[in-house]
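Note that the protein sequences, when read in sequence, are chains L and H.
Read in order, the letters of the first sequence correspond to residues 1 to 639 in full-length UniProt numbering.
Read in order, the letters of the second sequence correspond to residues 1 to 639 in full-length UniProt numbering.
Among the hints, erroneous ones may be present.
[To be verified] Listed next, the stretches of chain H that the computed footprint assigns to chain L, with coverage defined by at least 3 CB atoms under 8 Å from CB atoms of chain L:
hint, segment
1, 306 to 316
2, 529 to 536
3, 595 to 604
[Unchecked claim] Here are a few chain H residues that face chain L, going by a calculated C-beta distance under 10 Å:
hint, residue
4, G228
5, L288
6, L341
7, R370
8, A395
9, V474
10, A476
11, R523
12, P572
13, A592
14, G639
[Unchecked claim] Just a sample of chain H residues kept apart from chain L, beta carbon distances all over 12 Å, derived:
hint, residue
15, T21
16, G113
17, D378
18, P429
19, D445
20, A488
21, V513
22, P635
None of these hints come from the bench; they were simulated from the model.
Remember, it's a predicted structure, so these values are computed and weren't measured experimentally.
Ideal Cβ placement from N, Cα and C applies to all residues, glycine included.
Protein chains: 2
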Amino acid sequence: MTRTRPVARLRPLGLDEVAITGGFWGHRQHVNATATLAHIEGWLEREGWLGNFDLAAAGRLPEGRRGREFSDSEVYKLLEAMAWEIGRAGDPGLDDRFRAIVARVAAAQEPDGYLGTVFGRPGQAPRWSALEWGHELYCLGHLFQAAAARATTRPDADDGLLGAARRAADLVCEVFGPDGRAAVCGHAEIEPAMVALARVTGERRYLDQAALFVDRRGHGLLPDIEFGRAYYQDDVPVREATVLRGHAVRAGYLSAGAVDVAVERGDDELLAALARQWENTVARRTYLTGGQGSHHQDEAFGQDWALPPDRAYSETCAGVGSIMFSWRLLLATGRPQHADLVERTLFNVVATSPSEAGTAFFYTNTLHQRVPGTPARDDEVSPRAASSLRAPWFAVSCCPPNVARTLAGLAGYVATADDDGVQLHLYAPATVRTTLPDGRRVAFDVETGYPRSGTVAVRVRDGAADPWTLTLRVPAWAEGARLRVLPADGPPTEEDVEPGTATVRRAFADGDVVELHLPVTPRFTAADPRIDAVRGCLAVERGPEVLCLESVDLAAATGGRLDDVVDVGVDPTVPPREVDGAVVVRLRPAVAPDGSWPYGPPPGRDGTGDGVDVPLVAYHDWAERGPSTMRVWMPVVRG
Amino acid sequence: MTRTRPVARLRPLGLDEVAITGGFWGHRQHVNATATLAHIEGWLEREGWLGNFDLAAAGRLPEGRRGREFSDSEVYKLLEAMAWEIGRAGDPGLDDRFRAIVARVAAAQEPDGYLGTVFGRPGQAPRWSALEWGHELYCLGHLFQAAAARATTRPDADDGLLGAARRAADLVCEVFGPDGRAAVCGHAEIEPAMVALARVTGERRYLDQAALFVDRRGHGLLPDIEFGRAYYQDDVPVREATVLRGHAVRAGYLSAGAVDVAVERGDDELLAALARQWENTVARRTYLTGGQGSHHQDEAFGQDWALPPDRAYSETCAGVGSIMFSWRLLLATGRPQHADLVERTLFNVVATSPSEAGTAFFYTNTLHQRVPGTPARDDEVSPRAASSLRAPWFAVSCCPPNVARTLAGLAGYVATADDDGVQLHLYAPATVRTTLPDGRRVAFDVETGYPRSGTVAVRVRDGAADPWTLTLRVPAWAEGARLRVLPADGPPTEEDVEPGTATVRRAFADGDVVELHLPVTPRFTAADPRIDAVRGCLAVERGPEVLCLESVDLAAATGGRLDDVVDVGVDPTVPPREVDGAVVVRLRPAVAPDGSWPYGPPPGRDGTGDGVDVPLVAYHDWAERGPSTMRVWMPVVRG
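Here chain L stands alone, though its shape is the one from the complex (with noise of 0.2 Å):
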């Protein structure tokens, strides 16, 4: 494909160079593998979604059809998992079951290559009739991203899938193209999957297209809606943007399919302007798990500094969504801040979404449950956002396949290289073998206990005669790190390093050991004033992980004398420590007019009887004990 001038500062490496091998997210992977994928795909089948493939083929619809207007992407999104899983572990069976799926779709494409389940048949509405609300555009977005997937990590699969896409995106620069309509999709999702077809087919018009689609938007092309034109990110054209707003997996999504436009073409312009909106997003719209939307109605993201931790909307597939944003825009920049959003975010919104199971799932991500939940049922379809508990299946579903897709293709995310060197960006026990622009070849093991450790090994497998950069994220908490360096032949040196990156440069031999030590004490954390709804409260991190305090456990604690979150504060004066291996704070009942009216003259004190150390939680292990309160933000209370 030809390329204006690519403005990439990193290029990712696939999951034939980096692998997982183990630990917190290895374990993940595993999880999603042998539970998650059978289950996603047991719903779609038992939904009628994947049936509904079935009855366009045999010329049967609109008549049966079953699922909401987007339950066609939630297949596509299965398929992208399943690809990314044979990818990484390239088991058969998979690659079986995702042969049988593909055949069901492609099934059902139409001669122009039209493929949908929902639009253009007698009965339905006319094809891109109703662009604001059809998800027509996104659903094929969702196919092309799964056939991208495919063709990244089996190019000479011969399954269909890649020719179905291109005839599929071959019909949208036909009807959208520059000669075509003047429309965008009113959930944006198609711009990234386009270039990412661009990139595994090089077909230039491709990329034209989504650069079209990230160009038009914001011009009003959608109508107006209650929730204003904001929604959709109709408001405002990209380059002119200055924060994310509106419903957040659209603002993720498009961010994210306007930065690969934007190192596409080398459009500096642009891709400043999705920089500049990502620093405010973050400073000013995001939780501190790293979760952004705070708003139920349109799930959307609220104004500057709104941020209530209980009615935290903060979907699970926004995380998903943000974490494409920061990904693209940390392979544009380099910049470390970019990664160290991607493993917030992982820890602590996509992780959170499934179960220990891997087959319930957190649709949406509150910081404060107030009241405890009702368990979902195993056999039941749940409402969105309606239960504190996961749940199996939801009437809107995104969040499942979104979740798998991202666990499948994780080793993605662990490293970069550049010109001279290879980035970690992820810490997991993982190999890396990668070969640089002029030959050298760079091979290296990860090995870490991460994040319950705070030390990272990067044992060199591969002697190079020439040097080769390593660069080590050090993420912003990590104040006090230090970097050991342990030649299999030499001395070991060691340094301070500061937040940000740290490098070694030399020419590594087979042996030598570079040491990444994080301080993973656990940590107290305020946030900024602004954000009210979290003012006087205090929370606490280790490492990247939040934790959070669960009614389960103050019970426990306390004998049961307290059995809510609500009744109690955190001592502020005694810092967070471990016991026995769990973070332990001290807390206190807090003070509680007894009155009928709740609002009344200033008390003298805010904390009253003796202090008890209860044990807190990763937040993302949270609500895996039945029905709590839960609480991240703990409020200060003194004695």
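Go by the hints and put chain H onto chain L.
Using the frame of chain L, we list chain H on its own:
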């Protein structure tokens, strides 16, 4: 009407017995009469909601019908407002307009009594086929309340409104009676309305029908919806519920009707259940302003303690519904806390909605405006909650006529009577003339500059041979109140009175004066610490009024140095005080970390720089000076 055993402690007084003669509320009533009523009538014509009745009468519906499914109700609410206003001021021109609208409405009534423009015609859904969202009985309820208001203030009017209401009510009894459809309306309103109609007509079966509707609710007769059956209070039977929940307007209207039913039927169990719900709702789910409903998504109550000021929905109509509920509990129980909430809600929700000119309205009433809003255009219909500025009309325009009917009939909330005297609940310049059941004549004037002044003088105008009891409400905030009795012909006496009620029983002589002195010094108010969203904040109140900080005043006081209320906090060591008639607080710039990530180690201090004195304004007066940011709850900062 036969009553089993009415349990009401207090008797409401009619507009022929109480009149507001000036002051804060007298001015509001004047604006309502001279500007608001015509404004509403004009918009009802312009938007075609009145014209819908003409189309119905001409047999031309459904073509050309305009407005939402509940637009009929706005016409009825205007009629109710006009009926009260005619009763209040007796304007004959208004009576002509009233009759003209009644004629258009009545012309649309069908032979069997059905009245409505949305259902039942060819091309429309069948009658009563969409009870969950159709608002069919809700609309009729407002018709009945208009008819009841008219029958109360003009019992001899021959305009046909009461007859039309009775025919429709008879149809409702036939369709939904004991042998009819066991159903309820998704939006409560028919319940209090049928009791009101029963009271003016003496028709027992209207009361029985209201009781049936109340008893049926909470048994899942309405379908489950995304928001759950709690949205329309169909989740728990009224007599089993412990707190208000779901859509706040529906909850208020239903509760009001249920109190009516309980009182008329002597149903102590039901009354106790409602009193309990009121207590819990006021203690845990009510804003400082009296506003109720913290969710934008479903216009609903949040969970206990979930009262974010910035996402406060606090719908104007929910304030009206809350007043309806509280007022009925006051009548039933005589407890002054119900009148306290009525007054609080009147001053801080109902009075906040309309502009000074009475021609623009807040639909919702946020307690914290983060971003200056866009002025609404005088000639444009606004979405419900999009702007921080009042708008002339909304797509859903329930608030203008709801405010209008409340203000027009407001004298009815000033005082009540029982067997031995009169109780004053609201303080305004007023005349009270009534006769006790045994024939004792009570006549007095109220002279006061309340709420600006805390002195309320009751001047007896008609001596009575026999003693009677004057009861004065002492608001809960009025610690240190004093009561003086100044007989026309004797020495004055004076005593401390506690919040609750103060009574004077004597054989009053013409010219006797009873003076209540309420301390209206401005005061700091803190919130129960379980209300997380305003932790570490103080509000300022003065008498019954909640005050707020507007950016326009901050900018003026700092010479433009600070122009956003997000930048400052309040010095808690300097009490609010009055300077040149304005309440002033000491503000200080808040320390705001200047970083790209808004979370980090706890800072050492929260305030910086010198304090500056800034005037506050009454919350009901905010947003009268153009776009601004605003907050009721100010963060505490120390220097």
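Here's how the hints hold up against the structure:
1. Figure legend: the segment 306 to 316 of chain H, annotated as covered by chain L; annotation consistent (5 residues with Cβ-Cβ distances under 8 Å, at least 3 required).
2. Check on the segment 529 to 536 of chain H: 8 of its residues sit with their Cβ under 8 Å from a Cβ of chain L, so the three-residue criterion for coverage holds.
3. Restraint check on the segment 595 to 604 of chain H versus chain L: 9 residues with Cβ-Cβ distances below 8 Å, three needed, restraint holds.
4. Of the supplied interface hints, the one on G228/H holds, with its beta-carbon coming within about 7 Å of a beta-carbon of chain L, less than 10 Å.
5. Because the beta carbon of L288/H sits about 5 Å from the nearest beta carbon in chain L, less than 10 Å, this interface hint is met.
6. A distance limit of 10 Å between C-beta atoms decides the matter here; for L341/H the minimum to chain L is near 9 Å, and the interface restraint holds.
7. Taking 10 Å as the C-beta contact cut-off toward chain L, the hint placing R370/H at the interface holds, the least distance being around 5 Å.
8. Using the Cβ-Cβ criterion of 10 Å, the hint placing A395/H at the interface with chain L is satisfied: the shortest such distance is roughly 8 Å.
9. Interface hint at V474/H: violated, since its Cβ lies 14 Å from the closest Cβ of chain L, which is beyond the 10 Å cut-off.
10. The beta carbon of A476/H is positioned within 10 Å of a beta carbon in chain L (closest approach about 6 Å), and the interface hint is therefore held.
11. Restraint check, R523/H versus chain L: the minimum CB separation of about 7 Å is within 10 Å; hint holds.
12. Given hint, P572/H at the interface with chain L, holds; its Cβ is 7 Å from that chain's nearest Cβ, closer than 10 Å.
13. The interface hint given for A592/H is met, as the beta carbon of that residue sits about 6 Å from the closest beta carbon of chain L, less than 10 Å.
14. For the restraint placing G639/H at the interface with chain L, the shortest Cβ-Cβ distance is roughly 15 Å, beyond the 10 Å limit, so the hint is violated.
15. The claim that T21/H lies off the interface holds: its Cβ sits roughly 31 Å from the closest Cβ of chain L, which is beyond the 12 Å cut-off.
16. At the 12 Å boundary, the C-beta of G113/H stays outside the reach of chain L, the nearest C-beta of that chain being 35 Å off.
17. Here D378/H stays apart from chain L, with its beta-carbon at least about 19 Å from theirs, past the 12 Å limit.
18. Look at P429/H: its CB is around 28 Å from the nearest CB on chain L, clear of 12 Å, so calling it non-interface holds up.
19. With a closest Cβ-Cβ approach of about 31 Å to chain L, D445/H is found to remain outside the 12 Å limit, as its non-interface label requires.
20. Against chain L, the non-interface label of A488/H holds: every CB pair exceeds 12 Å, the least being about 38 Å.
21. Distance check on V513/H: its Cβ is at least 31 Å (rounded) from any Cβ of chain L, clearing the 12 Å threshold; non-interface status holds.
22. Separation of P635/H from chain L is inadequate, the least Cβ-Cβ distance of about 6 Å not exceeding the 12 Å criterion.
Figure legend: structure checked against the earlier numbered hints; hints not met, in rising order: 9, 14, 22.
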